[in-house]
Amino acid sequence: MTYFFETEEHAALRKNVRRFAEKHIRPHAHAWEEAGEFPRALYEEAAAAGVLGLGYPEEVGGGGGDITHVLAASEELVMAGQSVGTTVGLGSHGIALPPIVRLGTPEQKVRFVAPVVAGKKVAALAITEPSGGSDVARLRTTARRDGDHYVVDGAKTFITSGCRADLVTVAVRTGGEGHGGVSLLVVERGTPGFSVSKKLAKMGWWASDTAELVFEGCRVPAANLIGEENQGFYAIMVNFATERLYLAGQCVAIAELAYAESLRYARERSAFGKTLMGHQVTRHKLADMASRIAAARALTGEVTARVARGEQVPHLAAMAKNVATDMCSAVCDEAVQIHGGMGYMREVLVERLYRDARLYPIGGGTREIMNEIISKALGY
Amino acid sequence: MKILVPLKRVADPDNANKVKVNGGKLETTGLEWKPNPFDEYAVETALRLTENGTNPKARQGEVVVVTFGPKDTETTLRAALATGADRAIRVDAADDALDGDLVARALKALVEKEKPDLVLLGKQAVDGDSNQVGQLLAEYLGWPQATFAGSIQSEDDKSLVVGREVDGGTLKVRVTLPAVVSVDLRIVAPNSVRGKHTPPTHAYADGVRFAALMAIMAAKKKPLAEVKLADLASDTALKIKYTGFELPPARKAGIKVKAVSELVDKLKNEAKVV
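Going down the list, the protein sequences come from chains V and D. Counting in the numbering used here, the first sequence runs from 1383 upward without gaps. Counting in the numbering used here, the second sequence runs from 21 upward without gaps.
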């Protein structure tokens, strides 16, 4: 199934991305997930295939298109590539670059955006800290102005692609307490005082690296400040809304993949003298899975189409994320169940998808934070 | 150099299990379509011959793609335009009102109108596997032909050195243009095509190029003309008549043998292979 908003253009794009993922990701998916890493060369290959620059304007070397194209393409990456970790690792710039595209100076776009969409550099976004994630207004990493530089001290954690990022968009405190003192600063690899303290071992998303970053007296040129000083909180919030739709879209894609795998297995596997599909209980389970996917896809698609036409609807994005993440967890759980004992084996795709799915009600804002956003927007 | 590339869409081989036979006819409704892979290789080859590989955006020639079929085959043409072809022609025709000979005769008329230096096409379509159109077209035009090309070199765009994939090796032939060349799988290897405009040191990415979203959008604005089949071929009678289609028999379950002697016995007396 595809999104209701899709046109012939999306169909052509999907074919292209599918071909890329089938050729460059699928043959290595299992190995990369087990190895906990995919090769860096994949960034340049993805850039050459027009996958990396999708959703970025032509002026910065991007491939054009909007959030609707990004969602369609990422679904193909997940479904045809069959490695969620690779897809999210490859896409970490999708949250790191938009604030620079929106608020950066022309020089910053040339320095930070262009090489990343060309696949030459890797970008990451760093907001969450060891002391807290969702509570952005209370973040503790400080950036003290000293002449032409900021001196950054603090730590960030759960940073996707953090281990090998060449540039990290970091949320820092440049002002007083609360959300009015937060800014965004790009810190480049190799800046003295910036280091990766740990590569984190995770439940899922194995092929994507996740890091803990440390800043100790790290001197960052003031020219790396994105937008105005102490105006970073709003930029982060705007960024969150699109990130949540990306995550909802990934959930739809992962669930579709788990469903497709279950369908195949149910047709192949025999029990009690007929295929699993021959049992009504399996058919009904699959029908429920398909219905839940269709429902989450409908909401995700509608909110995406609204965002693409310029509506500011963070609470709807939060609803889409919650609906899609819960759907994805449930569908992957049923997929494992249909696979029976095989579903618990590391060699089977749904086992991995089940673990990958658990990230989504937590990452990019927890289910509880989503509900807070919804409650506030609805006035209670 | 101007190159004409005839394309055909085929039922997606990955969904071949969806093909149904209905009263001796193939049921095509609901099938997913894909460009014939060998034709995609022909488009890629044509692009490589008409560009400088180090700067593929600046075209150094013209690639015209043509297909025969109903309106929805334009998707196949748009996909070729998105990868870089300059112009497209759709010859309006029903799928089952065509055969290799009629297509070749219509193409002859089109070639006389378009006057390309080269007709490049896939060695065969993976649906019917007829492997006829290229050869028939060359005959009707009275042009030289080189089939199953695994490599093509062009020094001056006046003649081509074509490496033909034949049993036991490669046969190199020089064809003077204009000519008809049909391509095989290995034509899309990184160094298979040596165009006049590309430095010999340049290696292509293996396979057919990808089309980015902007190229997909730009393809919508490229010219796509519609031509009536009757305008190209006065006689639209088919020479090939299909008398029936059957699905291949389902694979039967295997058996387990208890001893080597039993295996040898079965191979000898049942399978009759030893």
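By construction, these hints were calculated from the structure, which means they are not laboratory data. Just so you know, not all the hints are guaranteed correct.
Derived PhoX-like pairs: lysine-lysine, alpha-carbon spacing no greater than 25 Å straight-line [claimed, not checked]:
| id | chain 1 | residue 1 | chain 2 | residue 2 |
| --- | --- | --- | --- | --- |
| 1 | D | K292 | V | K1656 |
| 2 | D | K240 | V | K1397 |
| 3 | V | K1667 | D | K38 |
| 4 | D | K241 | V | K1397 |
| 5 | D | K40 | D | K261 |
| 6 | V | K1656 | D | K272 |
| 7 | V | K1397 | D | K45 |
| 8 | D | K54 | V | K1397 |
| 9 | V | K1491 | D | K77 |
| 10 | D | K77 | V | K1405 |
| 11 | D | K216 | D | K261 |
| 12 | V | K1503 | D | K77 |
| 13 | V | K1397 | D | K91 |
| 14 | D | K38 | V | K1656 |
| 15 | D | K261 | D | K45 |
| 16 | D | K178 | V | K1397 |
| 17 | V | K1405 | D | K276 |
| 18 | D | K240 | D | K261 |
| 19 | V | K1502 | D | K77 |
| 20 | D | K45 | D | K77 |
| 21 | V | K1397 | D | K38 |
Worksheet entry | Broken hints, by number | 1, 7, 11, 16, 17, 18 and 20
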